[in-house]
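2 protein chains.
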Amino acid sequence: MNETSEFYLFYKHIAKFSSITEGEFDDIMSYFSKITFKKGDNLAKLGEKVNHTYWISKGLAVSNYIDNLGKEHIMQFANEGCWITDQQAFYNQTIAIFDIVCLEQTEAISISFENREKLCAAIPKMENFFRRKANDSFVKQQKRLLTYMANDATERFNLLLKEYPDLIQRISKRKLAAYLGVSRETLSRLKR
Amino acid sequence: MNETSEFYLFYKHIAKFSSITEGEFDDIMSYFSKITFKKGDNLAKLGEKVNHTYWISKGLAVSNYIDNLGKEHIMQFANEGCWITDQQAFYNQTIAIFDIVCLEQTEAISISFENREKLCAAIPKMENFFRRKANDSFVKQQKRLLTYMANDATERFNLLLKEYPDLIQRISKRKLAAYLGVSRETLSRLKR
Numbered sequence: 001m002n003e004t005s006e007f008y009l010f011y012k013h014i015a016k017f018s019s020i021t022e023g024e025f026d027d028i029m030s031y032f033s034k035i036t037f038k039k040g041d042n043l044a045k046l047g048e049k050v051n052h053t054y055w056i057s058k059g060l061a062v063s064n065y066i067d068n069l070g071k072e073h074i075m076q077f078a079n080e081g082c083w084i085t086d087q088q089a090f091y092n093q094t095i096a097i098f099d100i101v102c103l104e105q106t107e108a109i110s111i112s113f114e115n116r117e118k119l120c121a122a123i124p125k126m127e128n129f130f131r132r133k134a135n136d137s138f139v140k141q142q143k144r145l146l147t148y149m150a151n152d153a154t155e156r157f158n159l160l161l162k163e164y165p166d167l168i169q170r171i172s173k174r175k176l177a178a179y180l181g182v183s184r185e186t187l188s189r190l191k192r
Numbered sequence: 001m002n003e004t005s006e007f008y009l010f011y012k013h014i015a016k017f018s019s020i021t022e023g024e025f026d027d028i029m030s031y032f033s034k035i036t037f038k039k040g041d042n043l044a045k046l047g048e049k050v051n052h053t054y055w056i057s058k059g060l061a062v063s064n065y066i067d068n069l070g071k072e073h074i075m076q077f078a079n080e081g082c083w084i085t086d087q088q089a090f091y092n093q094t095i096a097i098f099d100i101v102c103l104e105q106t107e108a109i110s111i112s113f114e115n116r117e118k119l120c121a122a123i124p125k126m127e128n129f130f131r132r133k134a135n136d137s138f139v140k141q142q143k144r145l146l147t148y149m150a151n152d153a154t155e156r157f158n159l160l161l162k163e164y165p166d167l168i169q170r171i172s173k174r175k176l177a178a179y180l181g182v183s184r185e186t187l188s189r190l191k192r
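In order, the protein sequence lines correspond to chains Z and L. Per this note's numbering, the very first residue in the first sequence carries number 1; after that it's consecutive. Per this note's numbering, the very first residue in the second sequence carries number 1; after that it's consecutive.
I should point out that these hints are in silico values taken from the structure, not numbers from a laboratory. In this text, a Cβ means the ideal position worked out from N, Cα and C, and glycines have one as well. Treat the hints loosely; a few may be bogus.
As the list claims (entries may be wrong) - Here are the computed lysine-lysine pairs in the DSS-like style, where the Cα-Cα straight-line distance is at most 27 Å:
hint : chain 1 : residue 1 : chain 2 : residue 2
1    : L       : LYS58     : L       : LYS133
2    : Z       : LYS58     : Z       : LYS39
3    : L       : LYS118    : Z       : LYS140
4    : Z       : LYS133    : L       : LYS125
5    : Z       : LYS143    : L       : LYS140
6    : Z       : LYS175    : L       : LYS143
7    : L       : LYS125    : L       : LYS16
Unchecked claim - Chain Z is faced by these chain L residues, among others (derived, beta-carbon under 10 Å):
hint : residue
8    : LYS71
9    : MET75
10   : PHE90
11   : CYS120
12   : PRO124
13   : SER137
14   : LYS143
15   : ASP152
16   : GLU155
17   : PHE157
Unchecked claim - Chain L is faced by these chain Z residues, among others (derived, beta-carbon under 8 Å):
hint : residue
18   : ASN64
19   : ASP67
20   : ASN68
21   : HIS73
22   : PRO124
23   : GLU127
24   : ALA134
25   : PHE138
26   : VAL139
27   : GLN141
28   : LEU145
29   : GLN169
30   : ARG170
31   : LYS173
Kindly produce the complete structure, drawing on both the sequences and the hints.
Okay, structure coming up:
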């Protein structure tokens, strides 16, 4: 594989969690598709079915949540190397509670719910991969939850910097504040 | 199996996510142990290694988190039918950030990290089970996170009632407030 191709990066990502060979990877890739989105395109739409989960190889997507009072929040950013979907809607095959939108032109490797189930049944190492990845995602989300429980926006900002070191330069202050759950004024204080 | 035994309840729990037969269940159970804890016993201790995850068949355990300012929060309750461990420490085999304590005499079915890996490798249906369970736990945790992002303690209380319908009678108001992240005064208002 060309070591700069998106497939090689995806292979390295999977191999970080589960020990697959390059030969097995060819089989695995037959369950995935490559897809390109323009800036502003939706990966999921509030109230609609969610059939795919996406691994971003280039670009940036964001999942937006509108609360009962109409206030916007950002659940997740996904740049290079991250997975994104409306998890509740995808895993349970219900309708989306998030709008997922590309903030840049975005290239992704996608898999449908049906293909993901088939892949896990056909290739045990991929079931193993998705189990480990799910446990890892749970722990990362729990760390973010703890910052809300402790009302610690500084720690939340530090987690973001650690998780997405090059993201800050690519998003607006408004989006950063909507992710951190702080006002623009508090954000200026955090960034100092 | 005796339909009131803890093993039958555990079998039904696993079968809810992955289609195992009673015959396969006997094999599966050889990886688990049954354990009884007294009220006040620890399932995990802050700063120590975490070797097991627990499925509660009877009783009640709670994971406590102390923030940087010394304030106590409750990450999770686990009563009959729930799994509990310090997830970060267990999955990554690092040290605990939570204290997990039994609030009642508690009976659990436990599995070590090593046995869980062996079980997943030996019995693909259990890898499937743990993947589905992990996705399910992620979604439940995300719902709780959304209530913090939206600063909606009422919704957080409603989620608790839905997830643990008989819990309220078994825990103190102080613990309920520490789970919801509200003062005792706000709690009285929510419970009306």
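Going down the list of hints, with the structure as the test:
At roughly 20 Å between alpha-carbon atoms, LYS58(L) and LYS133(L) fall within 27 Å of each other, so this suggested pair holds. Between LYS58(Z) and LYS39(Z) the CA atoms are separated by roughly 12 Å; this keeps the pair inside 27 Å, and the hint holds. For the hint pairing LYS118(L) with LYS140(Z), the CA-to-CA distance comes to about 25 Å; that is within 27 Å, so the pair holds. Our distance criterion of 27 Å between C-alpha atoms is met by LYS133(Z) and LYS125(L), whose separation comes to about 17 Å.
With a CA separation close to 15 Å, the supplied pair LYS143(Z) and LYS140(L) stays within the 27 Å bound. Distance restraint check for LYS175(Z) and LYS143(L): the Cα-Cα separation of roughly 21 Å lies within the 27 Å cut-off, and the hinted pair is therefore satisfied. Taken as a hint, the LYS125(L) and LYS16(L) pair is honoured in the structure, with Cα atoms around 12 Å apart against an allowance of 27 Å. Here the hint on LYS71(L) is kept, as its CB sits about 7 Å from the closest CB of chain Z, short of 10 Å.
Against a cut-off of 10 Å between C-beta atoms, the interface hint on MET75(L) holds, since the closest Cβ of chain Z lies about 8 Å away. Among the interface hints, the one on PHE90(L) holds; its C-beta lies about 9 Å from the nearest C-beta in chain Z, closer than the 10 Å criterion. Given the 10 Å rule on beta carbons, the hint for CYS120(L) holds: about 7 Å separates it from the nearest Cβ of chain Z. A distance limit of 10 Å between C-beta atoms decides the matter here; for PRO124(L) the minimum to chain Z is near 5 Å, and the interface restraint holds.
For SER137(L), the interface hint holds, since its Cβ comes within 10 Å of a Cβ in chain Z; the closest pair sits about 6 Å apart. For the restraint placing LYS143(L) at the interface with chain Z, the shortest Cβ-Cβ distance is roughly 8 Å, inside the 10 Å limit, so the hint holds. This hint holds: ASP152(L) has a C-beta 7 Å from the nearest C-beta of chain Z, less than the 10 Å allowed. Restraint check, GLU155(L) versus chain Z: the minimum CB separation of about 8 Å is within 10 Å; hint holds.
Annotation: interface hint on PHE157(L) violated; nearest CB of chain Z at approximately 14 Å, more than 10 Å. A least Cβ separation of about 11 Å between ASN64(Z) and chain L goes past the 8 Å threshold, and the interface hint is therefore violated. Satisfaction of the interface hint for ASP67(Z) is found here, the shortest Cβ-Cβ separation to chain L being roughly 4 Å, below the 8 Å cut-off. The closest approach between the C-beta of ASN68(Z) and any C-beta of chain L is roughly 7 Å, which is under the 8 Å cut-off, so the hint is satisfied.
Interface restraint check: HIS73(Z) against chain L, minimum CB-CB distance 5 Å, threshold 8 Å, status holds. The criterion of a C-beta within 8 Å of any C-beta in chain L is met by PRO124(Z), whose closest approach is roughly 5 Å, and the hint holds. The beta carbon of GLU127(Z) is positioned within 8 Å of a beta carbon in chain L (closest approach about 5 Å), and the interface hint is therefore held. For ALA134(Z), the shortest C-beta to C-beta distance to chain L is roughly 3 Å, which falls under 8 Å, so the interface hint holds.
Of the supplied interface hints, the one on PHE138(Z) holds, with its beta-carbon coming within about 5 Å of a beta-carbon of chain L, less than 8 Å. Annotation: interface hint on VAL139(Z) holds; nearest CB of chain L at approximately 5 Å, less than 8 Å. Taken as an interface hint, GLN141(Z) checks out: its beta carbon lies about 6 Å from the nearest beta carbon of chain L, inside 8 Å. Checking LEU145(Z) against chain L: minimum C-beta separation of about 5 Å stays under 8 Å; hint holds.
Proximity of GLN169(Z) to chain L is violated relative to the hint, the smallest CB-CB distance being about 24 Å (cut-off 8 Å). Hint status for ARG170(Z) relative to chain L: violated, with the closest Cβ pair at about 22 Å, above 8 Å. For the restraint placing LYS173(Z) at the interface with chain L, the shortest Cβ-Cβ distance is roughly 18 Å, beyond the 8 Å limit, so the hint is violated.
Hint violations for this structure: numbers 17, 18, 29, 30 and 31, all remaining hints satisfied.
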